[in-house]
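Participant: Each chain is listed here by its residues.
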Amino acid sequence: MSSHADNRRALAADEANTLLWRQNLRRVEAEVVRDTMLAVCGTLNPKPGGPSVFPTLPQEVHGTQDSSGKGWADSPAAEQNRRSVYLVVKRALKLPLLDCLDFANSASPVGVRPTTTTAPQALMLLNDAFVQRQAAALAERIAREAGGREDRQVERAFQLALQRPPSRAELKAARSLLADQRQRAMVEGSPEPGRAAFKSFCRGLLNVNEMIYAD
Amino acid sequence: MNPADHILRPRRQFLWEMGAGFAGLALTSLLDGDGFFGSRASAAGFAAPSPLLPKPPHLPTRAKSVIFLFMFGGPSQLDLFDFKPELQKRDGQTIDNEFRRNTKTKAVLQASRRTFRQHGRSGLWCSDAFPLVSQHMDKLAVVKSLYSDSFAHGSAVLQMNSGRILQGHPSIGAWMSYGLGTLNQNLPAYVVMLDPRGGPTTGAPNWSCGYMPAVHQGTVLRTTGEPILNLKPPAGTSRGMQRREIDFINELNAGHQRSRPGYSELAARIASYELAFRLQATAPEALDLSQEDPRTIEAYGINEPKPDWHSLAQGPAPFGRQCLIARRLVERGVRFVQIYSGGGGAGGQNTWDGHHGIEENLKIHCPEVDRPIAALLADLEQRGLLDETLVVWGGEFGRMPVSETYNTGGKPGGRDHNPKGFTYWLAGAGVKAGTSFGETDELGEGAAVDRCHLRDLHATILHLMGLDHEKLTYFYGGLNNKLTGVVEAHPIRGIMA
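So the protein sequences, as listed, match chains A and B.
Counting from 1, one number per residue, gives the positions in the first sequence under the numbering used here.
Counting from 1001, one number per residue, gives the positions in the second sequence under the numbering used here.
No lab work stands behind these hints, which were simulated from the structure alone.
Where is the CB? At the ideal position from N, CA and C, for every residue including glycine.
It is possible that part of the hints are untrue.
Stated by the list, open to error - Cut-off 30 Å, straight-line C-alpha distance, at most; resulting in silico cross-link-like pairs (DSSO-like, lysine-lysine):
#: 1; chain 1: A; residue 1: Lys70; chain 2: A; residue 2: Lys47
#: 2; chain 1: B; residue 1: Lys1411; chain 2: B; residue 2: Lys1432
#: 3; chain 1: A; residue 1: Lys90; chain 2: B; residue 2: Lys1363
#: 4; chain 1: A; residue 1: Lys70; chain 2: B; residue 2: Lys1232
#: 5; chain 1: A; residue 1: Lys70; chain 2: B; residue 2: Lys1411
#: 6; chain 1: B; residue 1: Lys1363; chain 2: A; residue 2: Lys70
#: 7; chain 1: A; residue 1: Lys70; chain 2: B; residue 2: Lys1106
To be verified - Far from chain B, by Cβ distances over 12 Å, these chain A residues were calculated:
#: 8; residue: Arg22
#: 9; residue: Val61
#: 10; residue: Gly63
#: 11; residue: Asp102
#: 12; residue: Ala137
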């Protein structure tokens, strides 16, 4: 049973899916969002077990603590790309990326995580340093695997991120985006407009609903 | 709301998911207006409101916002507001002092070195440590008989914020957000500003939403540098580029949504990107002090240089900036603003925690808040905002009438924690101005007359904001939770107009 089900009669009769005529759309958990990004961009370190990972956090996040940075030694870069299940859980210092995506309230038992849709999530996934690194890595990966032709690159990007080829409309949208961003970057004096445009495309792809809503 | 509803009743889930964080959406009209719905109009009939849209209060009130001025470390009521002639007389005498729960020790009474006077028409007492705030005593309702449950900073700060000494519960700002929503959907409902020296003990759980959805948690706002985490596009991405990128994202999302009809959370996420883009402009505007009259900036002490007599003293500028921003935020409809004075680890003179010498501690911290608070009260009054704003002042506990003993590593001349009797003041909407309520014993060691537990203070704050503390509940863990908890609480009628 899939949520990707198009039954007009059922939809008209039971839009809320109370009678379960289709599977409900499910937004994946915070950890899955992060792990997916790492996997898609080719940066995931699959090493299991071992001591917890202390990711690098912005200074202002440490600044909310009464003893900024105490007991927190950033893990080596390679370790920081391990799966989210290995990230340290400090009750008083939730990782902003996970926290905004409804990571569990680690100070009390949680039967069901609430799922919220918020502007800070959008800000995080557009602007956060972690996402920039992944988008850049994805761009590099695609350049390596798909060569220099734009069409091939767009196809490879969709294949990696969404596990399917782009539709004709999507290909058109991507090419339009790349052209616009290249133009804009050039006008704004970017040293590498093509690269800036492609990173924008990769980052955009990492932000679409299809990345985080499982059918 | 039964948590199982999340699984069995997806429509309820939509109601929680519908908010785009800071923004409430009249989703159907907003998205329809933006042309998100083609012929399908699947959101029609789904008038699912954002959890942050303003909700009507239970009780009549004019109050719209709270500004909570938190003196972290525990300000010494005996040197500020609670004048104890008997303590002054018996300076130097040895008494038995309960300095931790059920643990007594011999200690020496330490009179205040401050000079107390009665002020204004109300005759409320205030010491010379607050020369400017003391000019506003006629606006204040001072409660001197508060008591709470913990001697330790971590649990005490948590309790003042969430009603519990343990982590994991929603803080008072979250309760406000949950109970009342917010008035400006383009700014956070609940804002927290921290001391440049660091956060309070326990950190983020103090402004947590606990078991409530994340929309209700406090947003930490920095007053220098980037106001909110990730507010600015990264280097190399201009606002124009980001706008175009968001258009692309939502173009793909629209296609995705067409083949998955009837899921309004997909639409909500589309809208959240639009709102994030807008937020990048509205938040900096709220913090843009260049719009303010230079005399206002001056009044709040924002131009004062950092004092050089002590490495930990920072003068009124940081807190002054935060108070002015708080005024701007409540003007713009933010529901709950909390500002911390003192931070970066308890025990030293960086907070109000005067173990190592109360006189030095007062000399550092009183000037940091005196001028800004006086300016804030005057400014709110002048703009007609004081009737609509509830200002609350206090810390996680008070301090002892005895000189610090060596039990906690402090020095003679210091004062230790005192949750048995401490002072809070309130001003503004619904508050009976120029009132003193309750008393500590003659030495100021514990609340004695008209004792009010911290939960009564919480009930009072909720009441003044139009919320009945018994009716404002959130179902979690098999219980209809309340901010005031399971023990009966009563709003302090004596300070209500």
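Participant: All hints, please: hold or fail.
Facilitator: Hints and how they fare:
For the hint linking Lys70/A to Lys47/A, the alpha-carbon distance of about 27 Å falls within 30 Å, and the restraint holds. Among the hinted pairs, Lys1411/B with Lys1432/B is inconsistent with the structure: their alpha-carbon atoms are about 39 Å apart, more than 30 Å. Taken as a hint, the Lys90/A and Lys1363/B pair is broken in the structure, with Cα atoms around 35 Å apart against an allowance of 30 Å. Restraint check for Lys70/A and Lys1232/B: satisfied, since their Cα atoms lie roughly 28 Å apart, inside the 30 Å limit.
Taken as a hint, the Lys70/A and Lys1411/B pair is honoured in the structure, with Cα atoms around 25 Å apart against an allowance of 30 Å. With a C-alpha separation of about 28 Å, the suggested pairing of Lys1363/B with Lys70/A holds against the 30 Å cut-off. With a C-alpha separation of about 35 Å, the suggested pair Lys70/A and Lys1106/B falls outside the 30 Å cut-off, and the hint is violated. Remark: the non-interface label on Arg22/A conflicts with the geometry, its nearest Cβ contact in chain B lying 9 Å away (cut-off 12 Å).
A cut-off of 12 Å between C-beta atoms contradicts the statement that Val61/A is not in contact with chain B; the least separation is 7 Å. Distance to chain B contradicts Gly63/A as a non-interface residue, since its nearest Cβ pair spans about 6 Å, not more than 12 Å. Asp102/A, annotated as away from the interface, has a beta carbon of chain B within 12 Å; the closest lies near 6 Å. The beta carbon of Ala137/A is kept farther than 12 Å from every beta carbon of chain B, the shortest such distance being approximately 15 Å.
The earlier numbered hints that this structure contradicts are 2, 3, 7, 8, 9, 10, 11.
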